[in-house]
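4 protein chains.
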Amino acid sequence: MAGQEKVRFGVIGAGRIGRIHIQNLCQRVSDAEVVVVCDVAVHETRQWAAGLGVDNVVADPQDVFNDRSVDAVVICSPTDLHAEHMMAAAKAGKDIFCEKPIAIELERTKQALKAVEDAGVLLQLGFNRRFDHNFQRIQQLVEQGALGDVHIVNITSRDPAPPPIEYVKVSGGIFMDMAIHDFDMARYMVGSEVVEVYAAANVLIDPEIGEAGDFDTAVTILKFANGATAVIDNSRQAVYGYDQRVEVFGSKGRASAENDTPTNVSVYTEDTVTSDKPLHFFLERYMGSFAKEMEDFASAVLQRSEPPVGGEDGLKSLLIAMAATKSAKENRPVLLADVAAH
Amino acid sequence: MAGQEKVRFGVIGAGRIGRIHIQNLCQRVSDAEVVVVCDVAVHETRQWAAGLGVDNVVADPQDVFNDRSVDAVVICSPTDLHAEHMMAAAKAGKDIFCEKPIAIELERTKQALKAVEDAGVLLQLGFNRRFDHNFQRIQQLVEQGALGDVHIVNITSRDPAPPPIEYVKVSGGIFMDMAIHDFDMARYMVGSEVVEVYAAANVLIDPEIGEAGDFDTAVTILKFANGATAVIDNSRQAVYGYDQRVEVFGSKGRASAENDTPTNVSVYTEDTVTSDKPLHFFLERYMGSFAKEMEDFASAVLQRSEPPVGGEDGLKSLLIAMAATKSAKENRPVLLADVAAH
Amino acid sequence: MAGQEKVRFGVIGAGRIGRIHIQNLCQRVSDAEVVVVCDVAVHETRQWAAGLGVDNVVADPQDVFNDRSVDAVVICSPTDLHAEHMMAAAKAGKDIFCEKPIAIELERTKQALKAVEDAGVLLQLGFNRRFDHNFQRIQQLVEQGALGDVHIVNITSRDPAPPPIEYVKVSGGIFMDMAIHDFDMARYMVGSEVVEVYAAANVLIDPEIGEAGDFDTAVTILKFANGATAVIDNSRQAVYGYDQRVEVFGSKGRASAENDTPTNVSVYTEDTVTSDKPLHFFLERYMGSFAKEMEDFASAVLQRSEPPVGGEDGLKSLLIAMAATKSAKENRPVLLADVAAH
Amino acid sequence: MAGQEKVRFGVIGAGRIGRIHIQNLCQRVSDAEVVVVCDVAVHETRQWAAGLGVDNVVADPQDVFNDRSVDAVVICSPTDLHAEHMMAAAKAGKDIFCEKPIAIELERTKQALKAVEDAGVLLQLGFNRRFDHNFQRIQQLVEQGALGDVHIVNITSRDPAPPPIEYVKVSGGIFMDMAIHDFDMARYMVGSEVVEVYAAANVLIDPEIGEAGDFDTAVTILKFANGATAVIDNSRQAVYGYDQRVEVFGSKGRASAENDTPTNVSVYTEDTVTSDKPLHFFLERYMGSFAKEMEDFASAVLQRSEPPVGGEDGLKSLLIAMAATKSAKENRPVLLADVAAH
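Chains as they are written, first to last, in this note's numbering: chain A, 541 to 882; chain B, 541 to 882; chain C, 541 to 882; chain D, 541 to 882.
Read the hints as simulated data drawn from the structure, not as lab findings.
This structure is a prediction, so every number in the text was calculated from the model and none was measured.
Hints are not guaranteed to be accurate.
Which copy is meant is left open, so a pair is good if it fits within one copy or across any two.
[Claimed, not checked] Cut-off 20 angstroms, straight-line C-alpha distance, at most; resulting in silico cross-link-like pairs (EDC-like, lysine to aspartate or glutamate):
hint : residue 1 : residue 2
1    : 856       : 603
2    : 792       : 811
3    : 792       : 706
4    : 792       : 810
5    : 654       : 620
6    : 654       : 717
7    : 792       : 699
8    : 866       : 717
9    : 869       : 811
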């Protein structure tokens, strides 16, 4: 892309997250322009996209892959199409940003990654939390050695309310659709690989979730090759809102990230002192990270450098989620190597 | 503007604050479009504006006032041109958003406000801090009566570093160019009018500021008609950064806004516990408020409703700044009525 | 007191504050023992004191002054007897710890201080807040130069509820009985002398207070010889409890002390996030400081060194309180020199 | 003890913790008096105790058990003598406060508890953290139902520095001498019994600790009968000081306790914002809890009511510690029932 100023993007899927990426690419990523958007709801998408100056809206993803003006694609289609779209995009020689997970099956994930590797295109996965201002600060401290060797990582990750039961049934479960973000966060923080997983999980919020074969509350321990241990606690329902905190404890100290809040106002009355609940959900909490990950991806594409979150990161998190699911069901520590071997 | 979907804006002045307004109008205010920008640096502005899809850039403000497609103008010219541009815009029947202050002279301010009144156009002034998320929350609490009658307002407002001495010489001084924001904030919070002002001011940071006839450190007391007292402390130089806090204390409690920070991370080491300094300066701290004030202005224009900060607010803040200057120089409480009478 | 291990104390007055001092002297000040207590309620005091191992309780203060086994006296009698008791104690050659104020009349104060000076005994005044852990930390930072030159001091000092109206009528008023602590605090922080005072005061809480000739809400500005300005805001009634905060802002930074609270627990619910109100009132908030001031006094007596808060500090605070009262009533800045001259 | 005003205490062992109890009993527990202290270092102890008005110091514990004026004993002897002293005290009909653990062997613990039961005396164990102001507040919220059903408990418990290696060799290990407090805390918070334990432990701080057969870093998961899960992270060395935090997350919200600090002062400088590290170690952090547990014990003795922490609590924590040790060594979840059965 020598001499080219901007990366020309095609976006597959203009649902909630797709629209966020399109908006960010149009307004906040100076290295990017959106040349085509693909969504089955063509008419509605066209109306919406026009407001951002994007006129080319198509219904068939193949029209994006075939478009020679497109440098890179952003895949925001339903999860079960991610792998297929990745492979098609790779074949067409497009660099790829793909929402996580690549797939919830190991084989399919490997297949998609192989296609990317064979094609020699760049791949970045949508582990957006790595680009969160708070967590990035902590990771930098780890990387600089300011916290010494990492001994313990504590991650709290709780949603304000459970997803629809239909989603739970097909999502792959709490470890695959929710905790997977935290597994990636733990790897990001520790900078080493997970060797073994133990998960204790329960159904405490909604029996229907249990009937669907899933859990709604889970605590997971990850043992890393370098001796560090990560503890992740997940809940499908924190009534006070989206609870997203990370703490890294090491030989030289600790760094802790509190939740972000709408305001910094405290109110003192005769009864009590009140302050803000956390930002409501991921759209509010991680808004900045969505823009930042796109900036970094566009920059990697322009400079032909390795994107900050790659296929290997997707594969590793999938394996951890599989091991955690197995561990919770069989109530025993599970080696990642054993899961990977199958 | 019956049936019209968007307000068509002309912007006068594409300097630092002008560009922020243009960008917000283009990207964050759905009710707005920018049809023309005026700046003496036409070539440079044209290049920059093209990136936002704005092609019409002119050098002469009159071209904006004469443009029949323009509904409203945003005046970001140098302060000493505000009044002139306001009067021209009013004459042309354009609604007006004007950066503060209208002028640093009372007569000129009144003259400009008269022109606006005669023309019957809408006017909003750029007291952007009223649109800050933290301060707006506190004001809402006051308005809802959650804090009872307001007894004391404490405002801390300190800049990270003094402006260039050339600016100090023409700005009208610390009360006129800096504390004026805080005077407006006090009025916004108390919801009553200032009767009397006492200011204690010093030159503690840079003797050159004193030689220019100004102060660099000031504490001002405002007495309101309803019995409330506001205390404002200003400094031209807080070495730890931009310090912007407001507290309202009333018969039913208090609400306090802390500074915003880049992250919510705390770091514990053998030596100490550290956390973030406040957001660096007004561009970072008040970024959200600049977008919000434009949204509200565009909305007022569309609905022909009274803008949230009007000419009277500009006049009152100017009078308080004049009284504070007089008080600091003569070391005595000064009645607002006495300043207004001249 | 060569070779003596402990200071032998006589305490005049076993009311609320007297009992705190006696308890601290018995249990927390290793350098002290209480050999006699004086209170008009001899019987009741005897019962209470026995629990602390103090058997000698008398009704007549003169019995304390005449007691040759007494090294030092702690004067906790009603305010209008402080000066008389100080003079008697000085005449008897006892070192003196006296609750503030010495008197609410300037002449009487000077007379008592003269007696102390003539007798060559040590005197410490009960400005206990100087011994508070939070404020002491800030003062140390100032002294070490960590904050640079002091530019602005902000003191918030609000009581949970007004005192009985009978007390208001004889106390000398809000500046004399309440703000005087804050005037001393400002002097402690700034390390320079007050030159001029301006106070804005109101009756906003209880009209009866106004009818008694006093104010219930006040904001005071103190101008110091070294250019620093202190701002103090006082209220007789903060419905959320005792609000005691100090901030020092200087050329190298600022230090701020938040209120102490019963616990550090935050509670997140569906509705809001709540945390503790400040410690209820001065007995809770300043408990540690009462012990610390006695320790330091006992140590000064043993070592014949200058106590940390002396007669001059009492005189200066009285003058500031007088100037503030005059300023509030006449609505003009008042020079301390002018008050002192009368 | 009908009609008796105070509980007469005998204290066995006047080492660090023994002296704290003696001092609290003498000065802060109004229902108590210390009539005899036993310590092998008779002379030194006598000197120290005299300062508190305690004159009776003996070398032989039997002299305490035989003393008919003694109502209750406080056992602060070395851990390996706890059981023996408990049995002797029980036989003598004394109520017992015993430092934890009763013993580090299950049989011996049961034997001692049997003796207590047979004698019908009251027993309270020194799980002082239950009396900490912060944790007590959280437990009250749980008990009141303010947090709903408990789903997850997070406990962080880290020491500032490892104990001497000699201590490590005989203490029973990190789970027995350190985490045992946290196991009791988890039971206190959840209000249900632990069914299963999984612990992941490492040697990351000092290889000597590993050579002594112990761990220095551990993460433990406790599964409770009511479905709650507790996660405890322990480290022998947090370089920033004693880190003691508890969070309870339930169906109606969460409550979190931050560390206590020496002051509430924040310092803002050009470089950063700093605040206090946690209170240094358990003597500072839990000082209030030591007095509170004695008050409650004395009160239970006077009223012949069940003490707040009893023998069963000691037994349960021991079992959890044994299970955790086994789990960490065998890397598998361990049922409490299996440990208890042996």
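Status of each hint after checking the structure:
| no. | hint | result |
| --- | --- | --- |
| 1 | 856 - 603 | neither (32 angstroms within a copy, 61 angstroms between copies) |
| 2 | 792 - 811 | between (41 angstroms within a copy, 10 angstroms between copies) |
| 3 | 792 - 706 | neither (46 angstroms within a copy, 25 angstroms between copies) |
| 4 | 792 - 810 | between (42 angstroms within a copy, 7 angstroms between copies) |
| 5 | 654 - 620 | within (17 angstroms within a copy, 63 angstroms between copies) |
| 6 | 654 - 717 | neither (23 angstroms within a copy, 52 angstroms between copies) |
| 7 | 792 - 699 | between (32 angstroms within a copy, 14 angstroms between copies) |
| 8 | 866 - 717 | within (15 angstroms within a copy, 33 angstroms between copies) |
| 9 | 869 - 811 | neither (46 angstroms within a copy, 35 angstroms between copies) |
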